[in-house]
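Undergrad: Assemble the complex: chain A is given as a structure, and chain B must be docked to it using the hints.
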Amino acid sequence: MGTQDSSLKSTKKFHKQNILLIMTVLFTLATLVVGALVFRFYMEDFRKPSEAFIYDKYYVMITDNYKSDFWQSIYKGAFEAAKPQGIYVELLGQNMEGDYSCEQLMKVAIASQVDGIIVFANENDEMTQLINEAIEKEIPVVTLYGDCTKSERLSFVGVGSYNIGREYGRQIFNIIKEKRREDFIDSKTMSQRKTMQIAVLVNTDSQDSGQNIIISGLQETLDQENATNSEFNISMVPVDNKNTFSVEESIRDIFLSDEIPDVIVCLNELNTVCTYQAVVDFNKVGEVNILGYYNSEAIVSAIKKNIVYATIQIDTRQMGQYCIDALNDYYEYGNTSQYFTADITLINRHNVDSIQDMEESDE
Amino acid sequence: MNKFFNLPLQQKIVSIYMLANFIIFIVNIFLILGINSMAIDMGMVYQDNRMLNELSDSLTEVQDNMTLYLSSKTSDSLENYYKSAQSLQTLSEELGGQVTDVTFSRMKRNIKFMSQNYLEEVSQTVEAKRGRNVEKYRTYYERSTELYEYINAYIDRLNNEQFISNSDRYTEIAAAFQTFESISILVLSLVTVGSIISIIIIVRMMIKPLKNLAISADEVADGNFDTILPEIRYHDEIGIVIGAFNKMIVSIKEYIIRQRESMEKERLMQEKELTMEAHLKDAQLKYLQAQINPHFLFNTLNAGAQLAMMEGADKTYEYVQTVADFFRYNVKNHETEVSVREEVTLVDNYIRILNVRFSGDIKYEKQVDERLLSINMPTMVLQPIVENAVNHGIREMGDKGIITLRVYREDNNVCISVRDNGKGIEQEDIDKILSGDWSKEDGQYDNNGIGMDNVVSRLRIFTGREDAVMIRSEGKDMGCEVIIRLPLE
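Here the protein sequences come in this chain order: A and B.
If you use the working numbering, the first sequence corresponds to residues 1 to 363, in order.
If you use the working numbering, the second sequence corresponds to residues 364 to 852, in order.
No incorrect hints appear here.
A partial selection of chain A residues facing chain B, derived with a Cβ cut-off under 10 Å:
no., residue
1, Val25
2, Leu32
3, Phe39
4, Gln104
Keep in mind that the hints were calculated from the coordinates and are not lab data.
No experiment lies behind these values; they were computed from the predicted model shown.
Ideal Cβ positions, reconstructed from N, Cα and C, are used throughout, including at glycine.
Extracted from the complex, chain A is given alone in its bound form:
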């Protein structure tokens, strides 16, 4: 009996040892396998190449200052319009060392054999030549915002300068009407009525035809609104934009002169910001009415504070989209519309809140 018991016990013990041995071996193998797998997955995960989407076409956008909100916004519009169509749009200059002019960037774009160029052009000969060179190399060129009429550019995407001018004109007339009202109240001084000085800030180095169109639009509007010549006097104030900091200096110079204009019309974002800052700095808020350009955050907040009288909002996204449409039309049909005009909206203190709300809801 005892013998059977002990033999049973030893068998049990033996089985226990067997199980322990098998478990240990399995454990060892499992550790090996798990270790290898963990490492493998870890490395695979680690080595996974960032999945890059390959695009069919490659367009570049060339601007004078890729950092500005205005251009960034247009670029965004173009980028978003292009992406679903398998086209990559790059804001050229972003990825290059140093600052390059539009002409230099044109050369880069041509040499890079891109599929399309969207360029903030001007009327000078070099640009014309470069655009023609690109066309020669079968790279379609769309001029954006600034046109180069003499060139063989495919299409121009702009903002309808004449309309802008009209819009400015209407605003100036509003200011004149206000002044008339004030003058009427203060009728004693009727005889010494002052002519309203309107200064339009124009770039010195640009042969931008748009500026002139704006001014003529402005003038025509005032004429149509029956503002008399004695009531206003438009002058062009050149702003030196040849180097980075000269714009601000030029604008401050206006405020240092004897006669500070009553209305300052700014035709770009930078001018608007500089003027608005100068008005604040020289304590001329309320005396000088700024008609701004573009709806950057700073400008919109200035409208809210009544520092800027009104600003032109340009549908930048639409502009970007038009650029892509023009290039795509070219590839699809061989031709496209010569002009694309983006919508503009005026923002003043009456509609600033509603427009901002709309934008916020858009985003």
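TA: Frame of chain A; chain B shown alone:
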């Protein structure tokens, strides 16, 4: 599993060793492969930068050679220009031409096309120079130089950007390497622990039967053949040894049983032999008894005595009567104890018979304290002593021999002394007799068959004392005295 355990011990040990080593080897291979792949990754990190630098160098070389050729128009510089242009071409072709979300790839694409454009411009410049078209080659030179600068700018930017991103990646890889290290150490440790445990278990399983065998062997050594025989689990050497041991134990057990049986048989044989001997002795005794029937003898002698009396031969009558009495003592006396008186009477009768046989040559003196005659003593003691005294002491002395029998009291003992004045006896012989070493010589006269050693030992047993018998002899021809001491209670 069993297959493994059935392997020979040597193979088993070797395979365990090999398995453990193999596992560690695999782990090491994993480690080496891992380290290798990580090292390759690390090496690849700055590959792009190296390539870009190469490209940049090549580009500069083309530009330099072109400039040199334009300024000096040496054939060396032309040759160098072709070489470098070729290498730039090759290098630029290696850059991917795809447009992707990744900035780097687009930059590479641009660099590629610009380089190719640049090479075209350069070749046109060189062509123009060869054609000595100064105006043209100057223009081309300017254009290509401008492109060269743009490309360089691109490359610099890309290089910088990639360096930053590569540095990040390097940091990532370094971190991954550390993770890998930790994982490896963990895996290696666990595997090592696992191997050690497995080896311990396997070795224990191998050694366990040996231990059991040792325990069984110890038990067997202690004489327990009924121990549990160790089980044979596997047919390795240990299994063989255990099998042999078990066989040995079984056969030892069988041997013991056989041995026991044969001993039993032998014992039975011996018993039988002994019984036979006893029976033979008995038969011999019975035969002897039948031969000398004392009753028959006594009755015969008694009849002889009565005849002598009827014939009036008084002396004959008396002699035969004495002889008859002598023998009657033998007949009746089957008890072990008798009184001293009876013994003394027997001695009297014996002397009387001897004196008739030897015509009264023996002088017999008796000094007996009558009060002591009633105490008990062993039977057939005095007569043999007297017979010895006659035979060995005074036989050849004729009528000068004297036998003195005394019964007297000494302290608390009854002393019975038988003394002769015969030949005497050597002390050496006395010692021999008393110690029972006396051996009868051949042809020596024998008394009734009761030897001195018998007498001495019976007296010693009766009295419970070693000095119950004393033999004294004062030298040659000075006689001998045998003294018996009986306790007076």
